[in-house]
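Residue numbers (this note's numbering), protein chains in the order written: chain A, 1 to 114; chain B, 1 to 111.
Hints are supplied without guarantee of correctness; some may be wrong.
Okay, derived cross-link-like pairs now, EDC-like style, lysine to aspartate or glutamate, Cα gap no bigger than 16 Å in a straight line [to be verified]:
{"id": "1", "chain 1": "A", "residue 1": "LYS41", "chain 2": "B", "residue 2": "ASP59"}
{"id": "2", "chain 1": "B", "residue 1": "LYS71", "chain 2": "B", "residue 2": "ASP54"}
{"id": "3", "chain 1": "A", "residue 1": "LYS3", "chain 2": "A", "residue 2": "ASP30"}
{"id": "4", "chain 1": "B", "residue 1": "LYS83", "chain 2": "B", "residue 2": "GLU24"}
{"id": "5", "chain 1": "A", "residue 1": "LYS56", "chain 2": "B", "residue 2": "GLU99"}
{"id": "6", "chain 1": "A", "residue 1": "LYS3", "chain 2": "B", "residue 2": "GLU62"}
{"id": "7", "chain 1": "A", "residue 1": "LYS41", "chain 2": "A", "residue 2": "ASP82"}
{"id": "8", "chain 1": "B", "residue 1": "LYS71", "chain 2": "B", "residue 2": "ASP38"}
Sample of chain B residues lacking proximity to chain A, with all beta carbon distances greater than 12 Å (derived) [as the list claims (entries may be wrong)]:
{"id": "9", "residue": "ASN26"}
{"id": "10", "residue": "GLN41"}
{"id": "11", "residue": "ARG44"}
{"id": "12", "residue": "ASP59"}
{"id": "13", "residue": "PRO75"}
{"id": "14", "residue": "LEU90"}
{"id": "15", "residue": "ARG107"}
Bear in mind the hints are in silico, worked out from the structure with no lab data behind them.
All C-beta atoms in this analysis are idealised placements derived from N, C-alpha and C, irrespective of residue type, glycine included.
As a plain string of letters, each chain reads:
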Amino acid sequence: ELKVEQNPLFLSMQEGKNYTIYCNYSTTSDRLYWYRQDPGKSLESLFVLLSNGAVKQEGRLMASLDTKARLSTLHITAAVHDLSATYFCAVDDLYGGATNKLIFGTGTLLAVQP
Amino acid sequence: DGGITQSPKYLFRKEGQNVTLSCEQNLNHDAMYWYRQDPGQGLRLIYYSQIVNDFQKGDIAEGYSVSREKKESFPLTVTSAQKNPTAFYLCASSATGYEQYFGPGTRLTVT
């Protein structure tokens with residue numbers, strides 16, 4: 001059974017600082033997604049990582065995937081208040097009987113303080 | 001405008017009543033999904049459908065039912081058998097092998 005773990009679960013950081021959110025998963029998969037959720041809102045797709053070594057960057061966020069280590073990271077550079085949200089990683093359960101069956105991590109609540 | 005719509009945005013029901021949540025997409029996606037989110041938690045898969053007239057149970061299907069009579073529509077019924085129905089419900093769709101796009105969600109409160 002595929003399990004996805006994120007850490008930390010809560011991250012309070014100051015504006016201008018750098019930090020990394022980690023996403024570990026338990027079985028083989030080479031498809032990983034990062035989503036952002038603002039309070040009371042739906043999920044917004046941030047990154048799609050489809051192969052080992054994939055790296056994607058958008059603004060102050062950069063995501064990477066190491067399928068051998070079963071690890072993805074979401075790196076935040078010089079955080080600003082607008083990045084405050086909950087971030088989820090999700091892994092495609094390729095052996096769960098269907099493609100696109102995603103297993104979500106528990107999320108990381110990011111609070112950027114001025 | 002292409003996208004996924006869910007209605008209603010907020011729904012209040014008395015315990016013991018069935019309720020149906022609507023999900024429509026005009027993205028021409030084959031696959032559609034229903035997730036449940038509880039406060040401070042991640043998303044859990046209720047049901048998914050990869051093609052019209054076919055659907056599969058997810059991890060927490062008990063107390064829920066779905067239908068997929070049209071490609072564009074995937075309604076979810078929360079039955080009285082669901083013991084803790086109060087939650088935020090999210091519908092998603094995807095093209096085969098591609099990322100999932102999410103609707104705005106329906107917040108269901110059962111008292």
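Whether GLN41 (chain B) stays farther than 12 Å from all C-beta atoms of chain A, as the label says: violated (7 Å)
Interface-negative label, LEU90 (chain B) against chain A, beta-carbon threshold 12 Å: Label violated. Min Cβ-Cβ 6 Å, cutoff 12 Å.
Distance restraint between LYS3 (chain A) and ASP30 (chain A), which requires alpha-carbon spacing of 16 Å or less: Measuring from Cα to Cα gives roughly 14 Å; hence the hint holds.
Non-interface label on ARG107 (chain B), tested against every C-beta of chain A at 12 Å: Given that some Cβ of chain A is not farther than 12 Å from that of ARG107 (chain B), nearest at about 8 Å, it is violated.
LYS71 (chain B) paired with ASP54 (chain B) [C-alpha distance capped at 16 Å]: holds (11 Å)
Proposed proximity, GLU99 (chain B) with LYS56 (chain A) (alpha carbon, max 16 Å): holds (15 Å)
Given hint ASP82 (chain A) paired with LYS41 (chain A) - CA-CA distance at most 16 Å: holds (15 Å)
Separation of ASN26 (chain B) from chain A, once the least beta-carbon distance is taken, above 12 Å: holds (17 Å)
Whether ARG44 (chain B) stays farther than 12 Å from all C-beta atoms of chain A, as the label says: For ARG44 (chain B), whose nearest Cβ neighbour in chain A is about 8 Å away, the distance does not exceed 12 Å, so it is violated.
Restraint check for LYS41 (chain A) with ASP59 (chain B), where alpha carbons must lie at most 16 Å apart: The given pair, whose Cα atoms are some 23 Å apart, is violated under the 16 Å limit.
Consistency of the no-contact label for ASP59 (chain B), given chain A and a CB cut of 12 Å: violated (9 Å)
16 Å limit on alpha-carbon distance, applied to hinted pair LYS83 (chain B) and GLU24 (chain B): Between LYS83 (chain B) and GLU24 (chain B) the Cα gap is close to 26 Å, so the pair fails against 16 Å, i.e. violated.
Hint compliance for this structure: hints 1, 4, 6, 8, 10, 11, 12, 14 and 15 are not met, and every other hint is.
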